[in-house]
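Number of protein chains: 2
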Amino acid sequence: MTKKDVLQIGMIGLGTVGTGVLRILEKNGEEIRHKLGVGLEVKRIAVRDPHKPREIEVDPSLIVDHPDHVVNDPDIDIVVEVMGGVDLARQAIARALENGKFVVTANKDLMAQHGLELLAIAKNQNRNIFYEASVAGGIPLIRPLKNSLAANHIEKVMGIVNGTTNYILTQMSCEGKEFSEALAEAQEKGFAEADPASDIEGLDASYKLAIIAALSFSSKIDMKDIFVEGITNVKLRDIRYAQELGYAIKLLAIGEETEEGLQLRVHPTLIPADHPLAAVANEFNAIFLEGDAVGEVMFYGPGAGSLPTGSAVCADIMDAARCLQHEVENGIVEATFGTKKVVPMEKQQSRFYLRLKAKDEPGVFASLATAFGETKVSLDMIIQKRSDAETAEIVLVTHGVSEGNFQKALDTIEAMPAIRSINAILRVIE
Amino acid sequence: MTKKDVLQIGMIGLGTVGTGVLRILEKNGEEIRHKLGVGLEVKRIAVRDPHKPREIEVDPSLIVDHPDHVVNDPDIDIVVEVMGGVDLARQAIARALENGKFVVTANKDLMAQHGLELLAIAKNQNRNIFYEASVAGGIPLIRPLKNSLAANHIEKVMGIVNGTTNYILTQMSCEGKEFSEALAEAQEKGFAEADPASDIEGLDASYKLAIIAALSFSSKIDMKDIFVEGITNVKLRDIRYAQELGYAIKLLAIGEETEEGLQLRVHPTLIPADHPLAAVANEFNAIFLEGDAVGEVMFYGPGAGSLPTGSAVCADIMDAARCLQHEVENGIVEATFGTKKVVPMEKQQSRFYLRLKAKDEPGVFASLATAFGETKVSLDMIIQKRSDAETAEIVLVTHGVSEGNFQKALDTIEAMPAIRSINAILRVIE
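Chains as they are written, first to last, in the working numbering: chain A, 52 to 481; chain B, 52 to 481.
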């Protein structure tokens, strides 16, 4: 490779993120050239429908109708994949790497499921894939994990990595809305998709966790090893009880390396009101990390959006450009990923929040406490309120217990005649 | 340069940070070697007093009594300066660069005052200086500014970059302590030095601001262009009023690029209680940035301490090692720093919080309001309380006004016979 004055970029996709990338390259192109010592020029943009009207004006001669025209163009140095989806993107990226190009992608589904396979192709070709934008939009995370925190053994990662669910939970908590009302509002404001399933059921967060955990723990992560529970069952009532007990409820993606193995889970979680993650409101994202040297650090910012995600893509393009300029052919600095053992969910320890209704009669609470005691689940906090003339609402928070043992306690309690209903089960962290 | 199996490190200084660096290299050496593909070995450590007892056991044969023995050793690849101070460190680093070594430093005083000079020497020599640890300890900041956010035009930076003062302000705010009591406690707990002047008077924060602002705005920063006010005059009473008005008080280092030029200042600041910086408690630091693409991002973590700062130093050592391994001789990616205009403090806009005592008699408030009105200072919030039988305490928050105009209003008010005393003046941001 010889140093060039201008590096050619080929884009695949021109949706929200792609538009952001073009806008940033246009607005800050001079500053970027100044910082890099080389210019960046978009040479081709592959789109599904060349005739679709776009939010941004693009020279029609740049537009092509298939990724192949981008990845096979010998003049293109850096391929930027921002079309999303898995199969076509995977083929295009593999081909681009095989053709000797550096690749930048914002595709979390792809990186979560086929990231290591693509990184291996890149390594083979002395090239690299940059994927900062695949997790938490504009928030620097992949790069800090690879570099700034590289001397640390990462012990734990907890992230608010889905803006839709955080917006909904914030609106429930601060405005007293119920889930369905908050979801409708999020859809109206563009923070939730028309089909919100992937967000509200925690799937989106689990892809991001797979990517973060792989890097944090230098391990291959299989999506099926991640326990996933969404927020569709979170009630305003539980948010209010949580507040009374000193907690906020957030959908957290949690990865932890313990002596028994990796623990990987996504679920709504009670976190102490003074925890830095508790203050992360609305559509914002944040990732909280614990390293053995650095201690606790948190990265906060917009987890999605055209320009924020474009900011991350452009930073990756700049890194790829530096690799090309400095003739570093293989910029891959990730550790070779091992395969660490994963702790099955039923053996993972949690604290539990439990809300139930019981007959308001003498001895009920005692028998409930006994049932917990017999299954070795000890109680930390209790609220009991009268629900109606004959029913009491009881809220309990347990100390740490394995999921399996908690389930046993729950089975016992559910069978008790005095228990009318179990209305909520949530996990709690300190 | 040819690839080596082990890179040799020479350290200058073995205090708190140096000890942290050694501990991390020892504990995580294997992981680091795995990630880098090369081992790191500490070959020499220069200390002032070789016979001083140390917290960490070190092979005595490594110890030398002058930095020259480190920077002139031809076997040493990377020099790590963690002794602090300006003159000797500056000489040692310059010599190390001239001898072809990469340099890592945690020295904020040095980088704030002579950073560009040293970076120029490095560039000349095709080497680099890494200084992540010089600002905000273990929190990734320098690197994100250079890389992750490089495609952004940074518009504003606001940082809680001094742990001592944040600890003191948190204790005042949460525990109802007065300044002197909180300071004494901070000293007891090791969060404040025996001589706390540099921290509590804002000087330490101003050095950090110089480094952050230079990188954020790609401009040379002269220390004398930074307005600095410490927290010694912050009273518990003002923290309470601030809370009543919906604000927290934090010592902020603020850098902003406006059409008129750069604004650079360190002062105690009222910030809205729901701002992410307001939740940063005790000795923790955080830096909040606004970029034109990414929007608002924040980096949070421990701003000091042996292992956290060591974590940043080790990340820099790893970056230097990568440069050496990949034969990238000049890793400097900073823009050439220009010299941007700085707005003089009297022309900078602020909102002001003002607490004063006035005679509790008819017409006083009206004449106060008139005095403000005549100097074009408009009022946003007002609290008036009876102080004693004859005196009222009045708290005002103005809308935006230039420092110069506010001073004029203040002069007028001070001269009013009904005004007994002006007890507090603080700046406010939204």
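Since the hints were made in silico from the structure, they are not lab data.
Check before you lean on any hint, since a few could be wrong.
[What the hints assert, rightly or not] Simulated pairs of lysine to aspartate or glutamate, EDC-like, Cα-Cα distance not exceeding 16 Å:
1. Lys94/B to Asp138/B
2. Lys436/B to Glu295/B
3. Lys197/B to Glu308/A
4. Lys78/B to Glu444/A
5. Lys78/B to Asp343/A
6. Lys197/A to Glu82/B
7. Lys271/A to Glu168/A
8. Lys286/B to Glu310/B
9. Lys391/A to Glu82/B
10. Lys78/A to Asp100/A
11. Lys398/A to Glu310/A
12. Lys78/A to Glu206/B
13. Lys94/A to Asp119/A
14. Lys392/A to Asp276/A
15. Lys275/B to Glu82/B
16. Lys391/B to Glu310/B
17. Lys207/A to Asp343/A
18. Lys78/A to Asp56/B
19. Lys207/A to Glu311/A
20. Lys392/A to Glu308/A
21. Lys391/B to Glu82/A
22. Lys398/A to Asp343/A
23. Lys392/B to Glu206/B
24. Lys408/B to Glu444/B
Compare the distance between the alpha carbons of Lys392/B and Glu206/B with 16 Å, and conclude whether the hinted pair is satisfied.
-> 15 Å, holds
Taking 16 Å as the top limit, are the C-alpha atoms of Lys78/B and Glu444/A close enough?
-> 51 Å, violated
For the pair we were handed, Lys398/A and Asp343/A, check the Cα-Cα distance against 16 Å.
-> 24 Å, violated
Distance restraint between Lys197/B and Glu308/A, which requires alpha-carbon spacing of 16 Å or less = Violated, at about 30 Å.
Restraint status (C-alpha distance of Lys391/A to Glu82/B at most 16 Å) | The hint holds at about 15 Å.
Pairwise hint evaluation, Asp56/B against Lys78/A, where the allowed Cα distance is 16 Å at most = 44 Å, violated
Could you grab the alpha-carbon distance between Lys78/B and Asp343/A and see if it respects the 16 Å cut-off?
-> 10 Å, holds
Quickly compare the C-alpha distance for Lys392/A and Glu308/A to 16 Å and report which way the hint goes.
-> Roughly 10 Å between the alpha carbons, so the hint for Lys392/A and Glu308/A holds.
Is the straight-line distance between the alpha-carbon of Lys275/B and that of Glu82/B 16 Å or less?
-> Violated - the C-alpha atoms of Glu82/B and Lys275/B are around 44 Å apart, more than 16 Å.
Is the Cα-Cα distance between Lys391/B and Glu310/B 16 Å or less?
-> Answer holds: Lys391/B to Glu310/B is near 11 Å, not above 16 Å.
Given hint Glu82/B paired with Lys197/A - CA-CA distance at most 16 Å = 12 Å, holds
Proposed proximity, Glu311/A with Lys207/A (alpha carbon, max 16 Å) | 14 Å, holds
Violated hints, in rising order: 1, 3, 4, 8, 10, 15, 18, 22; the structure is consistent with all others.
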